[in-house]
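S.K.: Okay, here's what each chain looks like letter by letter:
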Amino acid sequence: MKKTSLSDNELILGYLAGNDSCFKTLLLRHKNKVFSTIYAVVNDRYIAEEIFQETFIKACNQIRDCRYSDDGRFNRWIVRIARNMSIDYLRKAKNKPTITDSEGNDIFSYLIIKQDSAEDSIIKREDKSNIRNLIKLLPVVQQEVIIMRHYGDMSFKEIAEATQVSVNTALGRMRYALLNLRKMLIQQEMNVQ
Amino acid sequence: METIFTLEDLLNYYYNESSSKEKEAILKALKSDIKLKSEYEKLSSTLAKLSELSLEPSESSIEIILKSAAKDQHPELQ
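Respectively, the protein sequence lines represent chains A and B.
Going by the numbering used here, the first sequence opens with residue 1, and the numbers climb by one from there.
Going by the numbering used here, the second sequence opens with residue 1, and the numbers climb by one from there.
Watch out, some of these pointers could steer you wrong.
Calculated cross-link-like contacts (lysine-lysine; reagent style DSSO-like; alpha-carbon spacing at most 27 Å) [as the list claims (entries may be wrong)]:
id	chain 1	residue 1	chain 2	residue 2
1	A	Lys157	B	Lys37
2	B	Lys49	A	Lys31
3	B	Lys71	A	Lys31
Ranges of calculated distance between the beta carbons of each label pair, as one might list FRET restraints [claimed, not checked]:
id	chain 1	residue 1	chain 2	residue 2	range
4	B	Lys23	A	Gln62	33 to 41 Å
5	A	Asn168	B	Glu41	19 to 27 Å
6	B	Ile34	A	Asp65	55 to 63 Å
Facing chain A, from chain B, some residues (calculated, C-beta under 8 Å) [stated by the list, open to error]:
id	residue
7	Leu36
8	Leu47
9	Ser61
The hints are simulated quantities; they were obtained by calculation from the structure and are not laboratory data.
We put the CB at the ideal spot given by N, CA and C, even for glycine.
Start from the sequences and build out the full structure, keeping to the hints where you can.
M.R.: Shown next, in the form of structure tokens:
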């Protein structure tokens, strides 16, 4: 039987039996959902990559220690780990003491500016639209649902579970996100003309 | 014909989350309801803009995870 047709639980059992490729299949199957869940919270590619690695390594450890038990719903379990780790990261980042320069400016703000500029230059280099920047202008809950639905391929039901809202709320947020994006795109076109 | 479908219904349809009955009804309405068709086209074009970007983890992250998973599974390889 092809590994891709195996269920998540069968892959976990395969990995526990010593078959590393079962874990690879599991990782490739869920990578986009997990990554977009993280990115939707932290909004930074570099940090998202780090938390993504930590999430799967943590999941792997828990599986090997037989601490995975979510009634066969691996997807829900790993998304929950990813989201909790992302929120923890933000909480810790918020509580970090501020280091100021001689003029009293937060030196961390320099790093943020540098990071944004680097990201901007990548977007320009790839000659893609600035859709990423437009998404960043949306309210956080709208960014979250767009990233999870469109890039993470999560269903509205999965998004509702992950963000602890109703399916209708998730759908409503997506609706407003798209209406706002459309307005911004129209405005942008008018500015170009 | 009066549009009875909401943008939320169209979103479910676009992402293939409608029930087969809803899907059939929307598909039928899209053929006869100009207003709905126009709304769906606007929705699709905004979503197509989103598709210009991809959001996936890097290959190096995948490799790091796989190495860690293999190392922990076979400690004799360390």
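S.K.: It remains to establish, for every hint, whether it holds in the given structure.
M.R.: Tested hints:
no., hint, verdict
1, A:Lys157 - B:Lys37, "holds, 26 Å"
2, B:Lys49 - A:Lys31, "holds, 22 Å"
3, B:Lys71 - A:Lys31, "holds, 20 Å"
4, B:Lys23 - A:Gln62: 33 to 41 Å, "holds, 39 Å"
5, A:Asn168 - B:Glu41: 19 to 27 Å, "holds, 24 Å"
6, B:Ile34 - A:Asp65: 55 to 63 Å, "holds, 60 Å"
7, Leu36, "violated, 15 Å"
8, Leu47, "holds, 7 Å"
9, Ser61, "holds, 5 Å"
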